[in-house]
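Q: The chain contents come next:
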Amino acid sequence: MVAKTVNQRAWFLVLPVLLVVAMNAIIPLMTVVNYSVQDTFSPGVFFFEGTKWYQEVLSSPRFHGALGRQFLFTAIILAIEIPLGVMVALAMPRTGPWVSVCLVLMALPLLIPWNVVGAMWNIFALPDIGLLGFGLNWLGFDYNYTQQPVAAWFTVVLMDVWHWTSLVVLLAYAGLSSIPDAYYQAAKIDGAGRFAVFRYIQLPKMKRVLIIALLLRFMDSFMIYTEPFVLTGGGPGNSTTFLSIDLVKAAIGEFNLGIAAAMSILYFLMTLLVCWVFYTLMMRGEDES
Amino acid sequence: MKGTKIIVVFVYILFLMLPIYWLLNMSFKTTNEILGGFSWYPQSFTLESYKTIFTDPTWYNGYINSITYVLMNTVISVSFALPAAYAFSRYRFMGDKHLFFWLLSNRMAPPAVFVLPFVELYSAMSLFDTPLAVALAHCLFNVPLAVWILEGFMSGVPREVDETAYIDGYSFPHFFVKIFMPLIAAGIGVTAFFCFMFSWVEMLLAKNLTSVSAKPIVAVMTRTASTSGYELGLLAAAGALTIVPGAIVIWFVRKYIAKGFALGRV
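Going down the list, the protein sequences come from chains A and B.
Residue numbers for the first sequence, in our numbering: 39 to 327.
Residue numbers for the second sequence, in our numbering: 41 to 306.
Here chain A stands alone, though its shape is the one from the complex (with noise of 0.2 Å):
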């Protein structure tokens, strides 16, 4: 590989790029960072407030509540999603007509509106109508979403590892199918057996979109709205309210600007914290190939 040029004329051709997201980026942010340091008893009229609505989103048990709930909920799809998508991606059939069918069936769920996805699952899992819902009664089990917390949350988990594993498993995929051949022989003829086989060839391969798999995985169930509104609307209680829920509620529905607007800014500061340490983690990955 010859070295990158340095030529500082290439601002020209990120100038586009760089217009249309600022302007989608910083004006908002702007006006949110405007929001969150001050106070207004009448349109129009503002006062500085300095730190006081932060002061208050980080005492209230209310934030705690959703951010704990966002952490808790992030971890708990991040340990099925990953785990289930690798397995799914190592037994999926490596040439022949079954390939294209497999991707395309596969990729479906990520295709679906996500409001869709929520109505789906609340009628899915709707105990006297549902298939989930009526199944796992049948079975004996009493569940009932929209009022068990428990129920609610199998429910919201069910959805999105339904929803987003597939994007594990094409990203898996992706990544075992630029093994050459050659690799799988030499380990059959040093005797490899099939877990050293994944330790050491397929794993290390997989690396790098493992890495970008979790951090498109981890931003996506952090910022997530749509679905479990639809599915739960938050609830039953606050049961389901994870971050983005509670942001909505307190900036459309209570019309809090300046509570609002300071979550939005913790939460903001808090995704871009962890990405930065996963794009660290990435980037020397591929530095390293």
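One should not assume that every hint holds.
Partial pick of chain B residues on the chain A-facing surface, computed with a CB cut under 7 Å [stated by the list, open to error]: (1) F133; (2) F216; (3) L244.
These are computed hints drawn from the structure, not numbers from a lab.
All of these numbers come straight from a predicted model, not from anything done at the bench.
No residue lacks a Cβ here, since even glycine has one placed at the ideal position from N, Cα and C.
Using the hints provided, position chain B relative to the given structure of chain A.
A: Leaving out everything else, chain B in the frame of chain A:
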């Protein structure tokens, strides 16, 4: 060993298909039958719900509006991202790494943070309730994604190609359109697919940036659900129809989809 593998894939796909089957099942029932009780398949098969959607302007306009802003967004995202991705894959310039992360960080921004300011911003530009407003708003996450994927694909093309073309006397725009773009055609296809997908499935921004004339299908669905009681059959049919555009697009890019999900980095 072979048998277990087939079972794993089969069970997984079955798990994915069940809720979709249930949606289709309900879309062919009348609302009364749905609420009447549990049944594996429609007892009195009806296409009434689909007929309503295709004849009632509020419904089919919802689809037209959605497709309009999704296509606008795809075209804007890809055409803006192409030169930028080229710059990132070929040159080093001041602040390039920071800029790249800043772009990506917008893909990470929770849309819920931006809803209110977006409504204000697009109202101020008098774009509120137009497809263009939604198309531009979706650029927030689609443009960085497009840059990311395209940069991956472009880095796979050897730099010697560029140098040879410049020595042969090609100007940059001529080279870019005539030689370089055909080389990464698959990458452009996959990028367009991703932009299409993420714009099609997003609803929080699309719903809040429109009110009457540009109302997307997802908003039509939620509003219908709350105003006209609970027309479950109609809702199921509308939901089933939202799967169709994605399914068509995915069939076209099926060969590249896995690579595209890896953002061209495999």
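Q: Flag every earlier hint the structure violates by its number, smallest first.
A: 2
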